[in-house]
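Q: Spelled out, the chains give:
Protein chains: 2
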Amino acid sequence: MRLGIVFFPTVGPQDRPAQQYFSEALQLVDLAEELGFHHVKMVEHYFFPYGGYSPDPVTFLAAAAGRTRRVRLGTSATIPAFVHPVKLAGKLAMLDNISNGRVDAAFGRAFLPDEFKAFGIPMDESRARFTESVRAVQLLWTTEDAVFEGTFHKFGPVTLLPRPVQQPHPPIFVTSARSLDSVREAAEVGHHLQTVPNAMTVEELSERVELFRSSWRASGHPGTGQIHLTYPCVVAADPAEARRKAKYDEERNTAAISAAVSAWRTTSSTAYPGYEKLADIGKRATFEEKLADNKLLVGSPDEVRGQLGDIAQRYGDDLTLSLGIHSGHLDVEDAATTLRLLAEQVLPKLDNDPFAAEERR
Amino acid sequence: MRLGIVFFPTVGPQDRPAQQYFSEALQLVDLAEELGFHHVKMVEHYFFPYGGYSPDPVTFLAAAAGRTRRVRLGTSATIPAFVHPVKLAGKLAMLDNISNGRVDAAFGRAFLPDEFKAFGIPMDESRARFTESVRAVQLLWTTEDAVFEGTFHKFGPVTLLPRPVQQPHPPIFVTSARSLDSVREAAEVGHHLQTVPNAMTVEELSERVELFRSSWRASGHPGTGQIHLTYPCVVAADPAEARRKAKYDEERNTAAISAAVSAWRTTSSTAYPGYEKLADIGKRATFEEKLADNKLLVGSPDEVRGQLGDIAQRYGDDLTLSLGIHSGHLDVEDAATTLRLLAEQVLPKLDNDPFAAEERR
Ligand SMILES: [Ca+2]
Ligand SMILES: [Ca+2]
Ligand SMILES: [Ca+2]
Ligand SMILES: [Ca+2]
Ligand SMILES: [Ca+2]
Ligand SMILES: [Ca+2]
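Residue numbers (UniProt numbering), protein chains in the order written: chain L, 1 to 361; chain E, 1 to 361.
Please note that the accuracy of each hint is not assured.
Once the Cα atoms are required to be at most 25 Å apart in a straight line, the calculated SDA-like pairs of lysine to any residue come out as [claimed, not checked]:
| # | chain 1 | residue 1 | chain 2 | residue 2 |
| --- | --- | --- | --- | --- |
| 1 | L | K154 | E | V189 |
| 2 | E | K117 | L | L35 |
| 3 | E | K117 | E | D310 |
| 4 | L | K349 | L | L35 |
| 5 | E | K277 | L | E149 |
| 6 | L | K117 | E | G150 |
| 7 | L | K117 | E | E125 |
These are computed hints drawn from the structure, not numbers from a lab.
It should be emphasised that the depicted structure is a prediction, and the values quoted were computed from it without experimental measurement.
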């Protein structure tokens, strides 16, 4: 199991100025680099405290690239619908060159009506645009004199510069919330999977993980496809302190997403069946229920080691976890403590064998 | 007179891999930061060795922001026509936050037919798109609940996040090649001016500099508008070595632009009167003629000090120069030597008074 960190700020100017947030995030990037974490990632959102500090994750990741040499750099995710594929392929290729080949490129469909509205993109087109744009980006990365004839974009022959460092191209991840078709299609074309356990039940996540792995194998791709799962994480020596802080943070994260999805009260889209229910997201599981369901990593080092063992037991240990350690509601020192305790007391003792984890229970 | 550096790579993968180019450019950023230069800038171009390594200057500038604390960060320029204004305003605002308020935002219309074609944007619309997009970006930076009703973009009410650090917004520069109307309009609305002496005669540049300054004053804006001029620059202790290297470099730069503008042989656009002649750019002034016309800064420290004095004499000394020191054809050590000699032997002795410069002649 590999651990990295993901930044998903859920603060606005009144809570924590962006200048302070980014300064703290870059301190944590330095710490993640130093402590040997696998990656740093940044989300893409707009207008709302829910991720809105980062309308362009590549800009943050480039700042991280400029001060690190080892840690991988991931979008989590970037939204192809909101930018021309030449621009998206070009800036990710620049980042791949600036970072000497450390880019993990995760793409997402987006799901907030207000974002689509601002960009003048019909939500009903989101799946078609996503599929077409990811195809266009991959073509630009791999092909000289590329010619593309899509529904939304046509170009070529053009040869993108710079050429990416990673060959044939940076790993492509599909960020999927729920759709089984998306999971299967990602594996079939050799894209990796990034998803959020908190967006589904334990059984639904198991089904998706298994479907991805079996489709990857059946498609004959080399190796195993990567599965990246995002978890909020607060570790402290005192488990009561960890839970108190994590609860405070989780409640503010829930309030942020509730505000961002409020447009779903008056929106419906054939491309997003059931999303109307998102408007009630604040009424879903409590902090305690999420903790019991292993959807948060919270507690003392020993407790979190146990929680990681449970995750490996349920979904296999060939997983990469992206830990949300700083949404902006706690002190940066709390996030630094989480990283240090993970590096010093959790990872060295982590038993990656799910059967050993089973025996320990 | 203030000096900074601008990166305008004119190399392709066969000349110098992008990974190497960016590594060298970031070394030079560190040196510029250390030696007290005013800014670092990066161009935006696509597909051709002529600037094509940088399809997204903000990505490079963010890497520079991540490793510096003082030097300013400028686009030179970025092209609003190729991106949605929410995206452009958003990523520049992120950069302004990540860099603690060091962004200079220069916008350009672009002029390469192949770039417009790839993005599916009619060249004839370029002026209207430029004006509208710069207005939209400025509105997003300055206004909460912004509503925009343009010809090409409509959005709002939306409040862009993050809010920029610099207030009311990062300095906006209009990058103008030739149009007197553009120069006047920039000054009238309080935008600064960025231009390239090599694209016009000495008399034409004088006329534009004077027009910008008088229009700025007449419009009642506070202070003086900034004028940024771009010059290729090679300084070496041995003046013959400086000239030999600068000539080698300039000839390759000219070859790169000649290839990039070749589409002008078969293009005409009402928005670009006279640009057809660009296809013959390779047949224009020789290296020696450009040097005699003070369009290059090349020679020993003493010679370059004299050339800077001549520029101050012609255009006033309230200028900022952006020096093209590494297009990728010379060694990075040559560029580092240029920076060191400028910092140690040129700037400390530079007499900023144009009348004193006159007496020295
Ligand atoms: Ca979204
Ligand atoms: Ca604290
Ligand atoms: Ca195992
Ligand atoms: Ca251009
Ligand atoms: Ca040399
Ligand atoms: Ca003076």
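Q: Now, for every hint given, state plainly whether the structure supports it.
A: Against the structure, the hints come out as follows:
no.	hint	in the structure
1	K154/L / V189/E	36 Å, violated
2	K117/E / L35/L	47 Å, violated
3	K117/E / D310/E	41 Å, violated
4	K349/L / L35/L	15 Å, holds
5	K277/E / E149/L	32 Å, violated
6	K117/L / G150/E	15 Å, holds
7	K117/L / E125/E	24 Å, holds
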